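*Asks:* What follows is each chain in one-letter form.
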Amino acid sequence: MKGGAGLVAAGAWIGPFLALALGGGLLQLAAGPAGFGALGIVIIAAVLAGVPAAMLASFRGAVAGPVGVASLAGAIGALALLADQGASLGLATIGGLTAAGLVALSVGLVAARINGISLLWPGIVGLAAALGCALAGPSGPGAALLALGLGATLAALPGTAAGALTGTRLRAGTAPTLAGIAIGLAVVAGPGTALLRDGPAAALALAPLVAMPGLALVATMPGTPGLPPLRLATLLLLLQAMVVALALAAESAPVAAGLLRAEDLPLFRAALLGAAFLPVFASLLAVLLHRRAFGRATMAALLLALVSALAALLEAGAVLLAAPLLATALAAWMVARLASPLVAEETP
Amino acid sequence: MPNPMADRAADRRVLPRPGLGEARVTERRQGERRAWPRIAARPAALKGAETAFLLLLGIALAESLVAAALLLGWLHGALLLHIPICLALLLARRMDPPPAGWPGAVLRMTMALLPALGPLAALGGVVAMVMGAPRGLRLPEGPAPEDPLEARLAAIAAAPQVPDGLLVEALGDVLHWGTPTQKARALEMAQDALRPGGEALLRVALSDPDPAVRDRAEQARPAVERRLLARAEVLRGAARAGRLADRRALARHLDRAAFSGLLDPARADACRAEAAGVWQAMGEAMPEDAEAQAALGRDLLALGDLAAARLALESALARGVASPAVIGWLAECLFRLRDFAAMDALVARWRPVLEEEAAGVGVLAAPWRLWLAEGGAAPAARRA
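Protein chains in written order, with this note's numbering: chain A, 1 to 348; chain B, 349 to 732.
Looking at chain B on its own, in the form it has when it is part of the complex (with noise of 0.2 Å):
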């Protein structure tokens, strides 16, 4: 569950909202960024060819050394370097990663033939390197990867319809463990058009500790806000008929995007704004929506009008919608209006709920653990 207090901090974090003063300093930043090389994500294949290519150039080199004693007629020394190069072939066995492609395969022959052939088979393997793939071979695609944030980000590319919490959940883990390339890669997938989810990957993103994948997300970041905008735009067009639907669509809508933090805070403010103005007519002409006074709540109490905020929650939770996530925002704005009677009452209302919350991995298990710990003392401690 998202916490709004956090986004706004975030976006002011990593967008500070130019001042007049501050323009050129911008603009000289994001000079100096586009300048900066990005962050390409090289095929691991490309890789296994250079070092198939390294490697091989490595065994030739030994190996001239085998010939050259060879032809100097000594056979038993001959003998003595070959034995060792042999050897060392069982050290790269494993490689990382691994060869890949035509160098990959003459590697993979040359080692194979290295044993009985010696020289021959370092100077066939370069002699093939030289030449190339032959005309006509199709090159098969690479083995399955074994790392399983390769796996993973493999599966995602393949599979368009990943639901939007699978996809931040395993992107989030490559963001979290996977090395730059795949982070890069992860960044890539989430700023598909075709995956909205990725948005809330995005926003992790631009507090990730590596700065490239922060410097990625921050690159990304303008292109999604326009979409998003550009989607407001066209709900906007849709909602003007006056249809229900169409605007509780634009209003679900401006929140998502407002709340999304990918939005220039003025623009989130003015989404948050848009979006209340829309659930309040919506609940004015339909007292009973429920979802609409939940939503109004949340997004005056983002704007900091705490008491009309309160209001609306707590007319929320009197039409039955009582889930954590609404609980939580009306005890923010309780807490925030320092109202501790109101918000022990709540407390005691809900405690069933917020146990199961607390109990959870939730953004707010943690400030519900803390709260529930504290019993019936901390309350009189705060109101003294």
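Same shape as in the complex, but just chain A (with noise of 0.2 Å):
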């Protein structure tokens, strides 16, 4: 086991929501409020490519080949979807180049977390291009796009050369990959069905935001949620019930900074419940990819998606509340049935 399962668990929740902070203040740095859609699509194809790479990195320790096919599947997802919303040629190369980078440091994170080195320094430096573009380039969303991009390639690069020291031929990545892509799918199906069909997606996107202490506490885990699951699950839910709290205390503040239209409050407030059951559901699922079901995650993960991309068709406030109820009752119900971990451990 290489570790680093709740990262890619819980980063798979986390990164995104990085990128669109990060993203969204080069873009009011560079062009103002405009370019949000193009941002959320560019997240949205480095999300679906970069979580099976991550997971390769993860459980196979194979770095350099899937990054490069994911940066590729990504620029080339982001480039297409940007050009079908009718982006220029110019923003949708640009987009494409920024969901590369943004694969890039989804894996990056993951093999330095591996290798245990840090990305501080390499953050920082990355952190600093991306400012100097956004403030020194040409103004428009192209300019934070490439900002954000070159910011991700140069913090992630050193992570990903660590894991590339290794070298490790993958032999057969097919159920990580797998369990990776549905992941990946649980994170965006939401939002990104909303966003394609002009739904409430900043709802569906803004809400995961108080998951963020449970899932940051289930990322910072060495290698496995150390507490046994349920115990853990209890915590988190405790932890993420006053954080849920307060979001509902302060749910009109969205709506007051403009982020979000006030006919979207219920459904806001309905997914922000749900929400509180994702650091749970990204901990179980920890579980079960450090114990390698990965079937069994990827089953899971895949009933998230469904429900989710089903929520937001609907736009059904039940709906979206049951998404993660049901994805976690599945999760705690398929790793109650896993066999005792002194036995999965000493399997190959």
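Wrong hints could be hidden among the right ones.
[As the list claims (entries may be wrong)] Pairwise CB distance ranges (calculated):
1) A:LEU127 to B:GLN509: 54 to 60 Å
2) B:TRP422 to A:LEU127: 26 to 32 Å
3) B:PRO496 to A:SER118: 38 to 44 Å
4) B:TRP422 to A:GLY258: 34 to 40 Å
5) A:ALA241 to B:LEU428: 53 to 59 Å
[To be verified] Some chain A residues flagged as far from chain B (calculated, every beta-carbon gap over 10 Å):
6) LEU196
7) LEU238
8) ALA316
Quick caveat, the hints were computed from the structure, so don't treat them as lab data.
The structure presented is a predicted model; accordingly, all values stated were derived computationally and were not measured.
The beta carbon of each residue, even a glycine, is placed where N, CA and C say it ideally should be.
With the hints as a guide, dock the two chains, each given alone in a separate frame, to form the complex.
*Replies:* As structure tokens, this is what we get:
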């Protein structure tokens, strides 16, 4: 076991938020309130391509090949989606570059964690380059996206190179790849469907923000959650309950900030409540991944993706709340059905 | 089986005995030799890192053109430049030496990300190279070498207890087929004090066609010579007590040193003379000691005392030491005495053994094949 199951499972949700926050800041610097749609598409493509590659880095130790293929897939995906949305060729190309950079960053973070190195200095260099590019370059969403891609690439390369030092050959990466694709779909299914159908994308994209404390806790756990799964789930739920209570108290703040439409508020509330279960789901997913139950992890993630996409299509708050609940319940059931950890550790 | 005459000839060829007039020349030569750069065994990893660094620089330069095209708004031009660069990476897949160390890892990642990220990947690669390996990162050992000679060298280096025969054979292959670097590494192993079998390899290296290898072997030779002589001194001290086993060990070591081909010819002769004395004393004390008779005969043959050598070797053969080596020494002795009748009788007596020897790959196999093929007609012609 290479470690980093918690980082992959929770980082799949944390990464897009970090990219959204950084990209949004850069867009504000370079282009004013424009281009968020393009940023969302870039992040969706990066998540869908980056999580499977990160899974391979974590569970197979393979970095160079998967990250090359994934970055190319992310770039082409973002380019095609942006072109489909009517973006110019230049903006679509830059969007593709940015998606590839974000893919590299997600793999780089996992590889750095596995190799026990810090990406603090590369991160600072990347951030400085991104800020410099956004401030010094020509204005427009293209400049902001390019700045994000440049910063991500600069921050990613030391981590990915550290992973590539081992030179592991990829023999059979199907199961982790499928699990990674399913997790990526689970992350982007709701907001992605809403974005592509001009639905309440902002409500669905902002809601998982309340899950960040719990997800960060799962991501920073060494290797696998140290606590027994049920005790950890209880702890995470307690933590999330407090955060969600705070978020519900301040639910009108996004509307006041202009990030959310007032009519999307009920949906946002349901999504907030549902997102409280995300850390528990991520921790159970991490247990499944750590025990190499990739098939079960894929099933749980696919269930979340399907129900989330359905909720975004129906714009139904009840379904939106049910999606993480159902997926968490399924994951808990699967974890409970796993064999004893000692037996599972011994099987190759 | 070493041929003593050839050994001595080789000694004289490689190490001409310095006369009074030649001493200054020899000193000057040695001074020049010291001034020459030693063959440093540069690790393949270092060369791999250099290769990776240069390749990364090349990629960065090429991609800077793509970036310039992008900045000028020539999207199609940038794509036209970028695609050949990506295709050219396919040529760099099998590099010799393979990219190694931190630069190698950065190059691998840059190459993997280049198709998607283009100039950004090249810039990231250069920055990662400049920043160096992150603190706390343990650089792994390189993968197993694919070159069989490298693999052989690595295996021998890892195993201190390689049998002498296998050591000489394996390192001999490296000397025959290897690169100068590999030959230098083989010689380093051969002069290891813990690998006495390496002395035979040094003798081979003294006549290597590569002057650098010859020079290296010449540099190593005095140390090995000192080591052999020091060991003889230790054994001499032990043999003074008069125990038979100690005296036998001394005589064997003196023979080994004398016939190693690494000693100064005068010292080698002195060793042979001393060994002959010890063997003779042992033979007189124990007339049935066939080893003593055979070794005495070999030493006397090398010293040029052919009549005494013939007696000793015939005595050894009579005591049942009918090894091809002893027969060969006796045959050489008879040949140099020009006693062809006795030699024909010897060949007729030991023909089955000699035919077996001629069919092998030993040092004397070829001469024996020739001699046996001539049959009975040639001796008469020789006598005429």
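*Asks:* Starting from the hint 26 to 32 Å, judge whether the C-beta atoms of B:TRP422 and A:LEU127 obey it.
*Replies:* Hint holds: Cβ distance 30 Å, inside 26 to 32 Å.
*Asks:* Verify the CB-CB distance for A:ALA241 and B:LEU428 against the hinted window 53 to 59 Å.
*Replies:* holds (58 Å)
*Asks:* Could you tell me whether the CB distance from A:LEU127 to B:GLN509 stays inside 54 to 60 Å?
*Replies:* holds (57 Å)
*Asks:* Would you say the C-beta atoms of B:PRO496 and A:SER118 sit inside 38 to 44 Å of each other?
*Replies:* The hint (38 to 44 Å, Cβ to Cβ) holds, given that B:PRO496 and A:SER118 are roughly 41 Å apart.
*Asks:* Is 34 to 40 Å right for how far apart the beta carbons of B:TRP422 and A:GLY258 are?
*Replies:* With Cβ atoms ~38 Å apart, the hint holds.
*Asks:* Can we trust that A:ALA316 is non-interface, i.e. its beta-carbon lies farther than 10 Å from all of chain B?
*Replies:* Given that every Cβ of chain B is farther than 10 Å from that of A:ALA316, nearest at about 38 Å, it holds.
*Asks:* Taking C-beta pairs only, is A:LEU196 more than 10 Å away from all of chain B?
*Replies:* holds (23 Å)
*Asks:* Find the nearest Cβ of chain B to the Cβ of A:LEU238 and say whether that gap is larger than 10 Å.
*Replies:* holds (35 Å)
Checked against the numbered hints given earlier, this structure breaks none of them.
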